[in-house]
Amino acid sequence: MLSENKRAAIWSVTLLLVSLFVWEISIPAQQITTGELTEYELLIGAGTPKAGVPPPSQVLVKAWEELSNPFYDAGPNDKGIGIQIGYSIYRVLTGYFMAALIAIPLGFLIGMSTVAYKALNPFIQVLRPISPLAWMPLALFVIQDSEASAIFVIFICSIWPMLINTAFGVAGVREDWVNVARTHELSAFKTAFTVILPAAAPTIVTGMRISIGIAWLVIVAAEMLVGGTGIGYYVWNEWNNLDLTSVIFSILMIGVVGMLLDSALGLLQRRVAYTE
Amino acid sequence: MPAAHMSSEEMLEQAVESAIVRSVFGHSDIGRRSFMGMVGGTTAAAALASVFPMNEAKARILENLGPPEKTDLNIGFVPITCATPIIMAEPLGFYARYGLNAKVIKTAGWAVARDKSLSGEYDASHMLSPMPLAMTMGAGSIAEPYIMPAIENINGQAIVLSNEHLDKRDPSQWKGFTFGVPFEYSMHNFLLRYYVAEFGLDPDVDIQIRVVPPPEMVANLRAGNLDGYLSPDPFNQRAVYEGIGFIHILTKEIWEGHPCCAFAAPLSFATELPNTYGALLKSIIDATQYASKAENRVEISEAIAPANYLNQPVTVIQQVLTGTYADGLGEVQRVPDRIDFDPFPWQSMGVWILTQMKRWGYIEGDVDYKGIAEQVYLASDARKIMTDLGYDAPAENYKSHMIMGKSFDYNQPEAYIDSFAIKAN
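Protein chains in written order, with our numbering: chain A, 70 to 345; chain B, 15 to 439.
The hints are simulated quantities; they were obtained by calculation from the structure and are not laboratory data.
Predicted, not measured: the structure shown is a model, and the values here were computed from it.
Think of the CB as a built atom: it goes at the ideal place given N, C-alpha and C, for glycine as much as any other residue.
Misleading hints may appear alongside valid ones.
Over 10 Å on every C-beta distance to chain B, these chain A residues come out as not near it, computed from the model [stated by the list, open to error]:
(1) Gly114
(2) Leu129
(3) Gly144
(4) Asn310
So the derived label-pair ranges between C-beta atoms look like this [what the hints assert, rightly or not]:
(5) Asp181/B <-> Pro125/A: 51 to 61 Å
(6) Asp351/B <-> Phe140/A: 48 to 58 Å
(7) Thr85/B <-> Leu136/A: 35 to 45 Å
(8) Val184/A <-> Leu281/B: 31 to 41 Å
(9) Glu316/B <-> Pro139/A: 45 to 55 Å
(10) Lys119/A <-> Ala435/B: 40 to 50 Å
(11) Ile283/A <-> Gly80/B: 51 to 61 Å
(12) Thr338/B <-> Asp142/A: 43 to 53 Å
(13) Leu136/A <-> Asp406/B: 34 to 44 Å
(14) Leu106/A <-> Ala110/B: 31 to 41 Å
(15) Asp380/B <-> Tyr109/A: 23 to 33 Å
(16) Asp181/B <-> Leu136/A: 40 to 50 Å
(17) Thr85/B <-> Ile283/A: 36 to 46 Å
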């Protein structure tokens, strides 16, 4: 009997192969006129394939092409996939860490003080449900810099899950642990760092994990809107040319990078986990 | 492209020569023409050179601006063929010729182009010709004085219908249709409204007009989300290329020589960096004139089709620029001026645009038609540079235009609006 993991892996691979096979055969071969073409046929591109959903084999060829030269730079509007993803990751991480810098201390404050919680809660409840992209026009206008605006949008969408989870985690630290700290006459500062922070860490990291997922979702949309650089711009630029092969390839890349970002936070989550 | 560079260089020299010849004869066209006719242009220049230090004069005209205050410039463009001169000026070296290191930056849409221009991220930008008027008046954005010293293209748009509507060539059958236009403050919107209204349809009631970014037009047409659109090329030709739609009518048949896209900048750019502004305008006007020559169009198509610029198949771009195109109805059409390039910003065109903005309720109250047109459409800047470069520039700033058989008198804008049966109340 194979182990559970091995069986799952076999199932995954089978599922992948079957779906790729079904995808491949369900794309009808394009009817491309051959032989002598009239002028009209030439002009409507009768001798060339039309825009359409490509079979997976074509996507793989495209992926090989793009990934074998990921860092080319042919001017401000045409850069390799590696450079585009690099820009997107840079924006996401900058906005994200700025959000963490504010959300975690503020979440601590809210979690420890009921007054602060009650005072700030109305603001959080109103601002939290606003779609990050709704901030985009305002950000562009006020900040007057599209790069900084994209980072701001990441910042504003990353802040809420971290803030709320931190507050929740801090507020939920068991009363007796804090009481033990009090009987040892620890300072408030020391209590926060040696007792509350480790106790709340798993919840805080959960918030951070949710945030990075949202941030990656948002950056693609933001870059499609503003253009310039980044993986979102790449998708938009290929969409401009109705090049679905490149669009599918970049969708896969977005998925892979998103997964990597999530697993990095997953790793951190396992390190701060504890059993009571 | 060294070949293009050479020929343009020669063109420039020729331009300077002809400017000198002209200056010798003053502005008496008759004297100059008859003299040139007698001895031939080159001989005339050579004859003059014997008594006149031609090379020195050439150098002086090229340098009469003084060095640009700022050479690294960012110029925004939306990837459509209307932006041809702005785009090609980079790969074909027109910016470099006037001492500028300008980068053209692809922009996802006009709202973003407007915002990036307002924020100073772009020094100048490709815009739709109604935009600087609207921005100056604060319609659809905050009011900020804008200038438009050059038109980019004239003509060059089309109404495309989905192949489902092959039998509905009469616009009065279009009731209930949904059309796409690229932006509210666009010639596309105003021409489509004008066109359907001439056939008795109220564009605000009988059809739906949606703002759709140009790249999304083709896919929306395929999905049946749009019945047709009046959009910039290459997306008209692209619909034919993809076998989804056909070209119902070229906009040049609505208004021969209508303006479309433009080169615009905030007024502050021109006042704070006058030499840079001058050099940039020279490159743009020079490139526009180069693009207007039919024999250069194939070369230009190849220069602007790559991913860095339009990111489109060369055949599609070439059909738009050369005017030899498949119409989607089985015919090859030959319309060399399907799109043309003419930089002169007629102020009467600005007045017309304002009348349509008023007609459809985009602006209200008393409008100082000529005042705004003269403030934004800098005809005299264009004229000066066209003359400096040796091109013929119109002597007037206004002319009357003929739109679908109806003449537009720029002196009577209010009467013109009142003459339409269909308009917003």
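Verification of the supplied hints:
1. Gly114: Violated, since 5 Å does not exceed 10 Å.
2. Leu129: holds (21 Å)
3. Gly144: violated (4 Å)
4. Asn310: Since the minimum Cβ distance to chain B is about 5 Å, asparagine 310/A lies within 10 Å and the statement is violated.
5. Asp181/B <-> Pro125/A: 51 to 61 Å: About 39 Å separates the Cβ atoms of aspartate 181/B and proline 125/A, which means 51 to 61 Å is violated.
6. Asp351/B <-> Phe140/A: 48 to 58 Å: violated (43 Å)
7. Thr85/B <-> Leu136/A: 35 to 45 Å: The hinted range 35 to 45 Å holds for threonine 85/B and leucine 136/A, with Cβ atoms some 37 Å apart.
8. Val184/A <-> Leu281/B: 31 to 41 Å: Given a distance of about 52 Å, which is not inside 31 to 41 Å, the answer is violated.
9. Glu316/B <-> Pro139/A: 45 to 55 Å: For proline 139/A against glutamate 316/B, whose Cβ atoms are near 26 Å apart, the range 45 to 55 Å is violated.
10. Lys119/A <-> Ala435/B: 40 to 50 Å: Holds, since lysine 119/A and alanine 435/B (Cβ atoms, about 43 Å apart) stay within the stated range.
11. Ile283/A <-> Gly80/B: 51 to 61 Å: holds (52 Å)
12. Thr338/B <-> Asp142/A: 43 to 53 Å: Violated - the Cβ-Cβ distance for threonine 338/B and aspartate 142/A, about 35 Å, lies outside 43 to 53 Å.
13. Leu136/A <-> Asp406/B: 34 to 44 Å: With Cβ atoms ~53 Å apart, the hint is violated.
14. Leu106/A <-> Ala110/B: 31 to 41 Å: holds (39 Å)
15. Asp380/B <-> Tyr109/A: 23 to 33 Å: This hint is violated: roughly 53 Å between Cβ atoms.
16. Asp181/B <-> Leu136/A: 40 to 50 Å: Check passed, 48 Å falls within 40 to 50 Å.
17. Thr85/B <-> Ile283/A: 36 to 46 Å: holds (42 Å)
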